[in-house]
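Q: Hey, can you work out the whole structure from these sequences and the hints?
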Amino acid sequence: YETTCRALLGGKAHDVEGLERLMRDHYESGELYRPGPDPSDERFFSVCMHAGAVGTTAASVVVELDPDAPLLVHVALTSPCTAPYIPLFGQAPLAPALMEGGAEPSRTSAWWRFDRLRELVAEDWQGRAPRVRDYWRPREREWREEAQALAASAAGPQELADFNASVWQRASADLERLIAELESDG
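So in this note's numbering the end of the sequence shown lands on 186, straight run, no missing numbers.
Quick caveat, the hints were computed from the structure, so don't treat them as lab data.
Backbone N, C-alpha and C fix where the C-beta goes; we use that ideal spot for every residue, glycine too.
One thing to keep in mind: the hints can contain errors.
[As the list claims (entries may be wrong)] Simulated DEER-style distance windows between Cβ atoms: (1) D185 x G11: 44 to 50 Å; (2) Q169 x S106: 34 to 40 Å; (3) A149 x L65: 14 to 20 Å; (4) E104 x L9: 24 to 30 Å; (5) P96 x D66: 23 to 29 Å; (6) L9 x A161: 36 to 42 Å; (7) R141 x S106: 25 to 31 Å.
A: Encoded structure:
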């Protein structure tokens with residue numbers, strides 16, 4: 001709470017990358033979760049929560065609200081410290097995997113697949129969290145820059161739909177590679 005309040009003071013503008021960083025905040029450890037504080041310590045309740053029965057951040061969204069550009073939604077489909085923000089155009093069709101949900105795990109649901117990644121990272125926060133952030137960081141930057149350039153270019157509906165399909169296809173393939181690597185680590 002304190003972190004988000006501090007970020008909003010002064011009325012300064014925030015860019016997407018800065019807001020994504022804020023949504024990953026874990027106090028002293030920044031974008032990386034480090035187990036330690038207990039519920040009696042206010043730092044237990046960071047912006048990106050890993051509080052067991054109290055609550056865990058299940059997803060995160062940063063939306064670009066530009067009246068002169070297509071709606072651009074950056075979505076992290078599990079705790080944002082373990083997932084990339086995937087930019088998607090709100091008025092373009094989404095891949096079925098991004099629309100699927102439910103109470104039971106599903107290999108075809110994007111959310112459940114990213115939650116599997118979060119579970120694997122949670123088995124070894126110290127060793128896996130930095131590795132996962134390093135894996136996603138350049139991809140996330142590349143996707144964000146592509147999406148913002150497309151938004152600025154006055155792209156038509158088909159180009160936005162093609163981007164959504166392409167970015168999901170790349171994110172999905174990268175996710176499968178990363179999960180396979182972590183599962184083979186044991």
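Q: If a hint holds in the structure, say so; if it doesn't, say that too.
A: Checked hints:
One distance hint, 44 to 50 Å for the beta-carbon pair D185 and G11, holds here, with the actual separation near 45 Å. Evaluation of the 34 to 40 Å hint for Q169 and S106 yields a failure: the beta carbon distance comes to about 18 Å. For the pair A149 and L65, the supplied restraint of 14 to 20 Å holds, since their beta-carbon distance comes to about 18 Å. The supplied range of 24 to 30 Å is broken by E104 and L9, whose beta-carbon atoms lie about 43 Å from each other.
Distance hint check: the CB atoms of P96 and D66 are about 28 Å apart, consistent with the given range 23 to 29 Å. The beta-carbon spacing between L9 and A161, approximately 39 Å, falls within the hinted interval of 36 to 42 Å. Hint check: R141 to S106, Cβ distance near 29 Å, so the stated range 25 to 31 Å holds.
When each numbered hint is compared with the structure, violations occur for hints 2, 4.
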